[in-house]
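First to last, the sequence lines map onto chains A, B, C, D, E and F. For the first sequence, position 124 matches number 124 in the numbering used here, and the numbering has no gaps at all. For the second sequence, position 174 matches number 174 in the numbering used here, and the numbering has no gaps at all. For the third sequence, position 203 matches number 203 in the numbering used here, and the numbering has no gaps at all. For the fourth sequence, position 171 matches number 171 in the numbering used here, and the numbering has no gaps at all. For the fifth sequence, position 225 matches number 225 in the numbering used here, and the numbering has no gaps at all. For the sixth sequence, position 65 matches number 65 in the numbering used here, and the numbering has no gaps at all.
Hints listed in this document are in silico derivations from the structure and should not be mistaken for laboratory results. All values reported here derive from a predicted model rather than from experimental measurement. Some hints here could point you the wrong way.
No farther apart than 30 Å at their CA atoms in a straight line, the calculated lysine-lysine pairs in the DSSO-like style are these [unchecked claim]:
no.	chain 1	residue 1	chain 2	residue 2
1	D	K25	D	K12
2	C	K176	B	K176
3	B	K94	D	K10
4	C	K25	B	K176
5	B	K176	D	K94
6	E	K176	D	K210
7	C	K94	C	K25
8	D	K10	D	K210
9	C	K176	B	K94
10	A	K94	D	K94
11	E	K12	D	K210
12	A	K25	A	K94
13	D	K176	F	K176
14	F	K4	D	K94
15	E	K176	A	K25
16	A	K176	A	K12
17	E	K210	F	K210
18	C	K94	B	K25
19	D	K176	C	K94
Letter by letter, the chains look like this.
Number of protein chains: 6
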Amino acid sequence: MPLKSETRDKLKAVSTATLCTALFKRGLRNQFMQDIHPLNASLPNMVGEAFTLRYIPAREDLNPITVFQNPRHPQRVAVEQCPEGAVLVIDSRKDARAASAGSILVSRLMVRGAAGIVTDGGFRDSPEIAALPFPSYHQRPSAPTNLTLHQALDINVPIGCGDVAVFPGDVIVGDKEGVFVIPAHLADEIADEAVEMTAFEDFVTEEVLKGRPIIGLYPPTEQQSKDDFVVWRKNNGR
Amino acid sequence: MPLKSETRDKLKAVSTATLCTALFKRGLRNQFMQDIHPLNASLPNMVGEAFTLRYIPAREDLNPITVFQNPRHPQRVAVEQCPEGAVLVIDSRKDARAASAGSILVSRLMVRGAAGIVTDGGFRDSPEIAALPFPSYHQRPSAPTNLTLHQALDINVPIGCGDVAVFPGDVIVGDKEGVFVIPAHLADEIADEAVEMTAFEDFVTEEVLKGRPIIGLYPPTEQQSKDDFVVWRKNNGR
Amino acid sequence: MPLKSETRDKLKAVSTATLCTALFKRGLRNQFMQDIHPLNASLPNMVGEAFTLRYIPAREDLNPITVFQNPRHPQRVAVEQCPEGAVLVIDSRKDARAASAGSILVSRLMVRGAAGIVTDGGFRDSPEIAALPFPSYHQRPSAPTNLTLHQALDINVPIGCGDVAVFPGDVIVGDKEGVFVIPAHLADEIADEAVEMTAFEDFVTEEVLKGRPIIGLYPPTEQQSKDDFVVWRKNNGR
Amino acid sequence: MPLKSETRDKLKAVSTATLCTALFKRGLRNQFMQDIHPLNASLPNMVGEAFTLRYIPAREDLNPITVFQNPRHPQRVAVEQCPEGAVLVIDSRKDARAASAGSILVSRLMVRGAAGIVTDGGFRDSPEIAALPFPSYHQRPSAPTNLTLHQALDINVPIGCGDVAVFPGDVIVGDKEGVFVIPAHLADEIADEAVEMTAFEDFVTEEVLKGRPIIGLYPPTEQQSKDDFVVWRKNNGR
Amino acid sequence: MPLKSETRDKLKAVSTATLCTALFKRGLRNQFMQDIHPLNASLPNMVGEAFTLRYIPAREDLNPITVFQNPRHPQRVAVEQCPEGAVLVIDSRKDARAASAGSILVSRLMVRGAAGIVTDGGFRDSPEIAALPFPSYHQRPSAPTNLTLHQALDINVPIGCGDVAVFPGDVIVGDKEGVFVIPAHLADEIADEAVEMTAFEDFVTEEVLKGRPIIGLYPPTEQQSKDDFVVWRKNNGR
Amino acid sequence: MPLKSETRDKLKAVSTATLCTALFKRGLRNQFMQDIHPLNASLPNMVGEAFTLRYIPAREDLNPITVFQNPRHPQRVAVEQCPEGAVLVIDSRKDARAASAGSILVSRLMVRGAAGIVTDGGFRDSPEIAALPFPSYHQRPSAPTNLTLHQALDINVPIGCGDVAVFPGDVIVGDKEGVFVIPAHLADEIADEAVEMTAFEDFVTEEVLKGRPIIGLYPPTEQQSKDDFVVWRKNNGR
């Protein structure tokens with residue numbers, strides 16, 4: 001079940017904070033990746049299905065520099081196989097002491113039409129990656145080649161990333177704040193709900209900046225707040 | 001004893017580093033909050049009396065999304081009660097895995113005339129908060145609603161924030177480097193001393209950039225340094 | 001054996017990521033400092049021989065504010081003795097709870113012609129340091145005076161910094177990503193090799209951005225890739 | 001509503017692991033204190049209502065050694081006021097760099113009839129405390145006096161301890177594995193359920209040690225398992 | 001290629017420290033699991049081939065208590081399938097905030113003839129596990145059910161455990177100090193070498209306790225040391 | 001100025017907790033090593049002058065296994081030079097991922113008459129070391145040879161250990177709780193004071209166990225407490 005383009009569009013216009021609240025209401029409290037940050041905070045939202053790559057610790061004899069001569073090396077294969085519109089999500093065991101990938105692979109992924117890349121480790125060539133018009137998220141910059149500490153192993157299996165479970169096909173949303181994982185089967189309904197919540201939050205923000213108190217407005221426990229929101233939606237076409 | 005406006009003005013013109021040294025001389029070595037950063041580093045200093053909010057870990061049954069419908073929820077109340085000119089300081093137990101607050105509450109606080117907001121956890125909607133002309137400080141962005149991990153409990157009690165003791169009424173100063181806590185009874189004398197120290201440091205910086213060695217100048221163990229400073233003050237009206 | 005100016009120039013044009021790979025091939029896997037970041041990411045590469053300063057934990061009775069009146073205080077002496085073109089590297093035991101140095105000392109170092117400064121702790125006056133046209137690297141901003149937690153002890157002895165061994169005279173290279181340590185005896189050959197690698201990586205990046213797949217190209221396991229690189233070098237004068 | 005003595009007796013005979021499962025079934029996933037260990041692992045279970053003490057970071061001028069001469073110092077008062085049968089639970093902000101209390105206070109607490117003591121920091125005189133026939137739990141030994149880093153502030157307010165919310169009157173259970181917090185209103189029903197679960201687990205353990213496979217037995221998805229348990233209860237008087 | 005029984009016997013008589021040195025000589029520097037400890041330090045060495053179980057973070061909707069009613073739940077299946085003589089090694093992502101397994105499963109594993117169990121998280125019912133005559137290793141006790149934070153996913157795939165790569169069939173050796181991973185293809189030769197090294201270390205220890213200096217003896221750079229060892233071996237039948 | 005034998009004897013009879021308080025009164029708040037534990041908790045106090053060894057991170061090319069063939073390797077030399085009655089204190093940068101030393105070196109140190117050994121890393125062969133009648137303290141067991149991560153560099157220079165400054169000749173005291181550093185010039189007076197404090201604490205403990213309240217007794221703000229202590233001292237010959 002591919003991600004619908006309408007759902008993708010809706011998710012491009014909502015924040016990870018709003019998504020957190022929507023999932024919290026359904027009992028999913030742990031879908032925001034911990035301590036993962038955008039390299040380029042000026043880009044629009046990243047939205048795409050998860051295509052995953054799993055790393056384990058590198059054993060020195062299995063990870064000489066020559067492994068990249070193997071055309072079947074999983075890191076290279078993942079970059080060439082990640083579908084258009086998908087997000088490559090790498091389980092680096094939260095270890096940023098060596099890189100998860102560098103700018104050449106990230107560039108290739110961008111050119112191939114992927115929607116973005118996420119690791120819970122770090123990227124090398126991070127200044128170059130940050131300059132690409134391509135959403136990328138990591139913990140912190142890390143120059144050492146991935147072979148130093150990571151062995152690429154599995155492609156498109158369920159993983160952990162930033163302490164969140166990521167199943168292939170889950171919908172990954174990244175904004176300037178970080179990265180959120182929507183279970184695949186909830187994507188459409190969450191997108192709808194988040195668009196509604198965003199409209200309300202935008203209304204509230206306007207009201208608050210005009211000087212209105214929060215209590216009774218957010219949440220709208222007073223009828224007047226609800227009425228005003230109806231008017232605001234009409235006036236703002238939302 | 002409210003913060004004098006002259007003291008506030010003086011503290012707007014000094015750095016947290018200078019304040020650290022002034023308090024170090026008095027035996028207070030631990031007044032700078034650890035690992036707390038400004039969301040918007042282009043703003044002038046934040047100065048205001050501490051108005052505090054204490055969080056404890058959230059128990060799930062006590063923190064459904066519906067708690068915000070209670071007009072007496074301490075987080076909401078704190079935002080509505082924080083005095084004009086004060087800084088809302090939140091004890092989040094250094095836990096940034098869920099948010100301490102989001103942009104709507106921070107906006108409300110700004111509109112109400114508060115001087116700033118500090119948490120030793122993280123804010124959600126951090127890109128929006130960073131865009132406000134309002135000083136805010138946290139550990140790192142965190143999208144999950146505060147209910148996920150934090151229960152707001154107490155208003156205006158002594159707390160810890162970033163490993164520093166904060167008593168209501170203490171004077172909070174934030175600059176681009178971080179946040180400092182001046183015990184209330186010391187605010188006036190420290191402000192005076194810090195202004196003096198700042199003048200001397202500005203003089204030294206000018207001299208150093210002209211090529212003068214540090215030894216004998218900083219600290220001014222040579223009489224010439226002291227004399228030159230006297231002239232500099234006169235010339236610069238400080 | 002001073003750092004040759006040609007070697008310095010070459011290292012100004014390569015990245016720490018490339019250097020990591022070059023040393024990885026020689027079995028040195030741990031030469032990139034962990035969690036150390038530039039204060040000013042707009043500067044060109046920092047390159048210089050290591051001149052070191054070692055801190056131990058501060059005992060309160062040995063570190064009153066008056067110690068700076070001693071013209072032989074090691075921190076001050078290090079700043080006045082660091083050779084032109086060298087990088088002052090400070091072992092702060094990865095403890096950023098108090099500063100390693102502040103803007104006045106860093107300014108002095110700049111004026112004296114040093115190539116840069118690195119600590120695995122934090123700097124105070126970090127906004128001022130970040131505004132200097134002088135490469136500086138640390139873990140995070142830290143306003144408390146160094147006396148709070150650090151006692152400067154030794155000058156130009158082998159140290160650890162960011163979990164890397166640094167011997168006086170090792171060649172320190174910093175870019176926007178972080179800081180790398182080249183053992184002194186390898187500097188010339190590594191510089192040559194890194195320049196070659198950089199040319200190839202620039203070629204690959206161009207090709208990738210044009211749409212070429214990675215496999216066979218990076219590394220160049222296909223002869224066509226090697227041939228194209230030869231042409232590219234000629235065309236680009238590299 | 002004091003803790004019923006039958007409930008206390010039941011909780012003395014169950015494990016914190018069993019309690020975790022019982023609360024997990026009710027959606028409370030975070031009631032086991034993280035990284036808190038018994039000083040004396042040979043004692044029977046600790047069971048009692050929480051009587052709390054809250055610490056904030058110590059400011060040096062407020063915490064000279066002379067504060068203990070004040071008969072109203074909250075740490076001393078807490079030890080003298082903790083009710084018989086209660087557990088003193090100290091919020092030390094998970095900071096074990098200085099002690100939460102020492103053997104003399106713990107001895108006094110024991111003599112007064114308290115049920116035990118818990119901190120998420122460390123105890124000093126830990127070898128002496130470990131030798132007392134009195135349940136005590138901490139993170140790790142810590143010799144420095146509490147005044148070094150902790151200021152005792154509040155008595156019997158809601159706190160966090162080991163990342164768990166603790167409200168005065170909650171029922172604290174400690175075994176050789178660690179410490180669990182039962183919300184007061186659930187204590188009776190949880191005690192009943194845990195006794196039942198324990199009987200079943202004891203039956204399963206016996207069966208498993210005799211060689212029976214887990215599947216179908218644990219949980220008892222096969223009718224035979226349920227039948228055998230009925231027989232076992234009768235035979236064992238449980 | 002199963003583990004030879006002679007190799008198993010040899011490995012029962014050597015220490016993880018000796019094994020570390022043997023692998024260090026071959027360039028494998030990272031085969032000792034970090035921060036993993038025996039629950040029962042009175043048992044002889046654990047030796048067996050790795051049979052692995054991989055956990056990812058638990059998503060709440062996929063991990064209700066009822067999942068254990070599924071006879072195909074991977075955690076249960078792993079316990080029933082782990083071969084006789086093998087060690088069950090669990091990748092818990094170094095997260096000990098919830099259990100990896102409890103005493104009933106560990107008992108079943110013991111009864112089925114496994115050689116031991118290792119997790120880089122924690123066990124629940126740890127006091128009961130510690131009392132079993134069965135080698136078990138973890139980070140620290142943890143009472144919450146694994147469902148709280150872990151979802152069992154894969155059986156017998158390559159994993160990371162305690163920052164070490166573990167491939168199915170690797171030989172796992174545990175002693176009172178911790179757990180070591182020998183790549184399968186090296187097991188025989190390492191066992192031989194470690195037995196030799198152990199003989200020499202036992203000789204050296206005896207000599208040192210008699211008062212002999214280390215230099216020249218350890219390593220045996222003096223011929224006399226080598227000669228004495230020859231005699232010692234003969235006298236001691238080793 | 002060697003440690004007087006009377007001072008040594010006095011320090012054998014007091015606790016690190018008591019010493020912490022004595023130094024706290026003099027403004028030295030940071031003399032207890034953090035997170036350092038005895039391997040053998042059944043031994044009497046360790047007391048001796050510090051003889052130090054400094055490690056830096058190991059660079060692979062400088063630390064092959066053959067370095068131990070050099071009779072001047074600083075680790076071996078330190079063990080052979082540590083004076084009788086002294087404590088070898090190793091600065092391992094708090095990194096326990098590889099060993100600081102193993103049982104053979106520790107045995108040699110014991111045989112040579114040293115008073116003990118301390119590292120802020122870990123020991124290998126820790127079970128053997130724990131069985132020696134020789135005080136040893138570390139963070140946690142660690143089997144990998146020190147060459148993996150540590151290069152021994154300096155002997156008997158000032159170091160940091162467990163976040164405490166240690167100068168050669170400082171008096172190191174270890175008990176079941178941990179390790180304390182007394183600045184050399186204070187050793188005699190602190191020993192006297194600690195013996196006095198210990199007598200009072202023993203008196204208080206007896207009284208408390210008899211049922212006496214703490215307030216007025218500890219500290220002895222009531223005259224009766226002081227009078228009773230005088231009698232107790234006479235009766236107990238202290």
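Within 30 Å, alpha carbon to alpha carbon, are E/K176 and A/K25?
-> violated, 47 Å
Pair hint D/K10 and D/K210, alpha-carbon separation not exceeding 30 Å = holds, 28 Å
Verify the proposed pairing of D/K176 with C/K94, using a straight-line Cα cut of 30 Å.
-> Between D/K176 and C/K94 the Cα gap is close to 36 Å, so the pair fails against 30 Å, i.e. violated.
Can the restraint linking F/K4 and D/K94 be considered satisfied, given a maximum Cα separation of 30 Å?
-> Judged against 30 Å, a Cα distance of about 39 Å means the pair is violated.
Taking 30 Å as the top limit, are the C-alpha atoms of C/K25 and B/K176 close enough?
-> violated, 41 Å
When you check the alpha-carbon spacing of C/K176 and B/K94, does it fall within 30 Å?
-> Holds: C/K176 and B/K94 sit about 29 Å apart, inside 30 Å.
Proposed proximity, A/K94 with A/K25 (alpha carbon, max 30 Å) | holds, 28 Å
Sort out whether F/K210 lies within 30 Å of E/K210, counting only the CA atoms.
-> Given that 30 Å is the threshold and the Cα spacing comes to 50 Å, the pair is violated.
Straight-line alpha-carbon gap C/K94 to C/K25, limit 30 Å = Holds, because 28 Å separates the two Cα atoms, which is no more than 30 Å.
Hint consistency between E/K12 and D/K210 [alpha-carbon to alpha-carbon, up to 30 Å] | holds, 27 Å
Given the hinted pair A/K94 and D/K94, is their alpha-carbon gap at most 30 Å?
-> Within the cut-off at roughly 23 Å; holds.
Decide if the proposed pair is consistent with the structure: B/K176 and D/K94, CA atoms, cutoff 30 Å inclusive.
-> This hinted pair holds, its Cα atoms lying about 29 Å apart.
Hints 3, 4, 14, 15, 17, 19 from the list above are not met by this structure, while the remaining hints are.
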